[in-house]
Every structure is written in structure tokens, then in C-alpha cells.
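Could you build the full structure based on these sequences and the hints that come with them?
Numbering (our numbering), first residue to last: 631 to 950.
To be clear, the hints were calculated from the coordinates, so they are not data collected in a lab. Treat the numbers as computed from the prediction; the structure is a model and nothing was measured. Since no wrong hints were added, every one of them can be taken at face value.
Below are the DSBU-like pairs computed for lysine-lysine, each with C-alpha atoms no more than 35 Å apart in a straight line:
#1 Lys732 <-> Lys760
#2 Lys653 <-> Lys919
#3 Lys732 <-> Lys653
Quick list of simulated restraints, FRET-style, between CB atoms:
#4 Phe880 <-> His729: 18 to 26 Å
#5 Gly663 <-> Gly764: 52 to 60 Å
#6 Glu665 <-> His729: 35 to 43 Å
#7 Ala922 <-> Gly898: 20 to 28 Å
#8 Gly663 <-> Val756: 54 to 62 Å
#9 Ala839 <-> His729: 23 to 31 Å
#10 Gly711 <-> Glu866: 44 to 52 Å
#11 Asp807 <-> Gly672: 20 to 28 Å
#12 Leu662 <-> Gly711: 19 to 27 Å
#13 Arg790 <-> Arg660: 43 to 51 Å
#14 Gly711 <-> Gly826: 22 to 30 Å
#15 Glu801 <-> Leu662: 37 to 45 Å
#16 Pro741 <-> Glu661: 35 to 43 Å
#17 Phe880 <-> Gly711: 25 to 33 Å
C-beta: ideal position from N, C-alpha, C; glycine also.
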Amino acid sequence: MSRVAVLMGGTSAEREVSLRSGKAVSRALRELGHEVSDIDIGPEIVEQLAVLQGRIDVAFIVLHGRMGEDGTVQGVLELLGIPYTGSGIMASAMAINKHMSKQIFRANAIPVAEDVVVDTAEIARVGTEKVAEGVSLDLGFPCIVKPNCEGSTVGAGRARNREELESAIEEALEYDDLLIIERYIEGREMTVGIIGDEPVILPVLEVVASKGLYDYECKYTKGMTEYIVPALIPDELSRELQRLSLRAHFALDCEGFSRIDFMVDAEGNSFCLEANTIPGMTELSLIPKAAAAAGLSFEQVVGMVLETARLKISRNKRCY
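Structural data, given as C-alpha cells:
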């Protein structure tokens, strides 16, 4: 039995989802016989974690988005000497940064959608209208606008013309100073979960959103999305997506668990969208659904992730 603090909540746009994930993980840990403390992380994150020093054995991180999935809380836990679940500082920071993670994917022969990156400085210099004009020439339509460092499709918007692109840029700027605008891949959305130190690659899961775009509303509203697992795709494509997922997991140096998202076009070409280092663990989340299809209970998944908890820097003597 371990003394486990489940870190949930946080201050990001994904706070409510994190609380739901955290409560589910907390219940599972108690069923597994661990002594569990639920910690609702707020703005005073350093002070909240410092009081845990010597009182817990492990921190189970279920913080989605900024200040939880970006390496911030991992750095504090490293300084305090508290082992934690999931990826380390660098892997977390790189994975949440869509622009940087795509550079790593390209360097590792992992196909990604063509994109353009714009920031507030460029928009302030030439204006949203000129930026949209340039993007439309580079990528065409439809395209999708994403805040660079947000998860759960927060602030993302699909644009089919210049007017919609300008509107999507303005909306995304409310969440980030750097935007990544991608050529929209028409096709099917697939995702692959990975769990454990000796990674278990879960079955490919297909997401069929009622709105066509798997946005925040579809992700967290019951009945708005259909989940097909194992995905009804050729075995060869399934193996390819699993292979690319494992490559992405290791290319970013992820640990514990991750979820890699893809779009597959009509010709069967796969494009990696992003890697999630702290994927959702709610009743609607994808990892638990895929794990169930592989014969793993929610409690087993949580137990497997807990077993991977450690201090990353001291173990690997890496320089971040």
C-alpha cells in the first residue's frame, strides 16, 4: 500500500475535466487498497505541494493543460523529491507545445499535417486580415486554428473561408499568444493509448463526433460522440497507427502513459495530430475505453500507471 496524492483541478481551461478525471482515479486507487489524498490544485501550487513532502510516497498527476501537463508541476515535484506519475519535465513541455512536438515528429518520420505558425507580434504588425490572407495562400481551405499550448481542443476552430479564418484566429488568441494553423485533414479521427514502462499499446479507437469536429463539447457531453474500439479499419492500418504511436511516445521521451491522436484521410494516409501526456480519465475518456477493449479494467490501468511513478531527473541523470 502506498500513500498517494492525486493532483487534480488546476488553473487551466481544462480544470473541470481534470476534477472528474482525478475523482475517478482516486476511487480506483482506494479500491486497490492505497491511502489516498485528493489535492485540488490552485494558484498556490508550490505551497500546496511543499506540505506533502514526507507525507506521501507518490503523486498521481491528473492535471490537464497548463500548469499540470506542461512540465510545471513535474519540476516542483522533482525539487521536492516526490516521485510522480507520467512524463518528466522536458517530455511534458515538448508534448503540450504543438509546434515543437511537430518538429520532433517530422524529424522521426512521423507524418503530420502541413501548418503555418503565427504569433501576436505578427498579427500586431500586419493585422488579422493580412495574416489570414497569407495563411489562405499557404494552406487553402478548410484549415484549423489551434492555440499552441492548449489541450482538449480548447480554443480550436475550423475555417472554410477567409471570414471564418479571421474569426478563428481572434478566438484562439484568447488562449495563447502563439497559434498553429493546419491544413484540415478530411477523414477519420483515430487515437492510440500507451500504458506502462514496458509499453502496452492499446487497440486503435475511432472517434465519430456528431458535429464532425471532435471539439470540447463533443468530448465531454454524453451522446455527442460515438467511440468504436477496436476501430473498423484494415489490420495493416491498425498496426501502422500503433507503430507510429509508439514512435511518437518514445520520440518525445514520454513515460507512464500517453495518448497519440491521428487523422486518416480517404486514401489511408495517417497524420499525427498531437501527443497527450496526461490523457483524460473520465467515464467518457478514450484510454479507459480502449483499455476495456483490451481486457483491462479501469483499476488495472490506474495501477499500471502508478507503478511507473518515479523521479525522472535523478534516475536518468538527464540535463534539462
